[in-house]
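**Q** Sequence:
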Amino acid sequence: MTMAPPAMQSPGALNGGGATPHVLFIPSAGIGHLTPVFRVIAGFSSQGIDVSVVTVLPTVSAAEAAYFDGLFTDYPRVRRVDMHLLPLDAAEFAATEDPFFLRWEALRRSVHQLGPIVAGAAPPVTAIITDITLTSCVVPIARELRVPCHVLFPTAATMLALNAHYPIYLDQLGAGPVGDVDVPGVFRVPRSSLPPALLDVNKLFTKQFVDNGREIARADGVLVNTFDYVEPAPLAALRGGKIVPGYPPVYTIGPLKPHAAATRAGDKAGTGDGVLDEWLGRQPARSVVYVAFGNRSAARLDQIREIGAGLEASGYPFLWVLKTTKVDREDAAEPADVLGGAFLERVRGRGLVTKGWVEQEALLKHPAVGMFLSHGGWNSALEASSAGVPVLVWPQLGDHRVNAMAAARAGIGAWAEDWGWDGEERLVTGEEIAEKVKEVMADEKLRASVAVAREEAARAVAEGGTSYRNMHEFIAKLKGA
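All residue numbers for the sequence shown refer to my numbering, where the first residue is 1 and numbers rise by one.
Simulated from the structure, these hints should not be mistaken for laboratory data. Glycine included, C-beta positions come from ideal geometry on N, C-alpha and C. Mixed in with the good hints there might be a few duds.
The list that follows gives simulated cross-link-like pairs (lysine-lysine, DSS-like), each with its CA atoms no further than 27 Å apart [as the list claims (entries may be wrong)]:
id, residue 1, residue 2
1, K477, K242
2, K355, K365
3, K477, K365
4, K355, K436
5, K207, K365
6, K355, K479
7, K479, K365
8, K365, K242
9, K477, K257
Simulated restraints on C-beta separations [what the hints assert, rightly or not]:
id, residue 1, residue 2, range
10, P123, A333, 28 to 34 Å
11, D211, P177, 42 to 48 Å
12, A451, E92, 30 to 36 Å
13, V452, P116, 31 to 37 Å
14, A95, P116, 52 to 58 Å
15, A451, G480, 40 to 46 Å
16, K445, G115, 35 to 41 Å
17, S46, R348, 14 to 20 Å
18, G315, G115, 29 to 35 Å
19, P123, D89, 37 to 43 Å
20, A451, P190, 43 to 49 Å
21, G179, P245, 43 to 49 Å
22, P177, R77, 50 to 56 Å
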């Protein structure tokens, strides 16, 4: 069920008056970026904070539009402010430019429309929370309007530390080639683990990353979906000014709980699905290998077939959420067309391949799940650690190798360091995949470490925990307490 809001609605119409804080969220694009935003919105709504959220039209995909609709349906007091994306001349950019980076650039060039909206709101917007990808454009608007502006960083604090230091690194580098990056107080990020776009200072993403890294230092605070136990070094470095003196307060608020819309969607096609629940119920405890590479990542066809061969050869039951297209686009290919009917017949009963939505957090908590083969998105890593499920990280693109390093250091996952990622020709064989899966499934030391992380994650969000205190401190700040 969806709402039909007007094409543009003033945030002022969202308030009932009085001194209730009115927070305007300005999210970016992509399910991985929207998920933490929506979870924070849900938490704020339950704390009596008046919330409005900018919805940029058109959305990237029908899935993203449905995600927004679910939020507004489940939280009717949260209203939308539609903002229409201004056209972007693709001729300005290389034909090989990542379409996701182009989307972010279009968003960045459109956010100036928010100035009149925020300035004309009655009662006034008392705070803005924006996504990291829009920081360099939104923070100046907020400062001009004298509205506090906070940044929601959707991935690991380790990546936040790199974002803070990278502009400084480039300033010191001069005209030389990008190499390994030593992040003060954190660790060295090898050149091979940097997001590939950062290796070229002229790339669109690099310019965005650097601009945002410089401007975030002028924000009023940074919210990060992580918890102190898993990333102590980068958090200490950021909070202690080792990377950027006078860096804004960093609030760890994770692991964030799923909002109702996501849970409802999962009930329809995820662990609430009778067929899936029945299949999981037939599997031994901690025996199932769960495989999913997020909404942004998709392997090429020959690699997908090697993954299938590896899962089959591992001997373990597996649940595979198959994706064959990138950038959150709708995926119409049938599993039989991609993997072949013979493969599906051979693994019938032991392997389950789906193209449908799976509510991942609920799935990971199922006692049958014993391992997660993941692309390395931070949302996925946190959900796995919260469920006590070890992750085998196969980084695909972007921040995934940095996240993999963070996960391995935290003892919540293993990293397939020599496996290729997006743009590399390396084909990982089914034999390699099978051996690595068996190795991680048999790693009792890793399993024990993840069990500790699970306890620490629960402690962090429980009353009195670090994330609980940080969230309530931040809310008190919004309320002027």
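**Q** Which of the listed hints are not met by the structure?
**A** 3, 5, 6, 7, 8, 10, 11, 12, 13, 14, 16, 17, 18, 20 and 21
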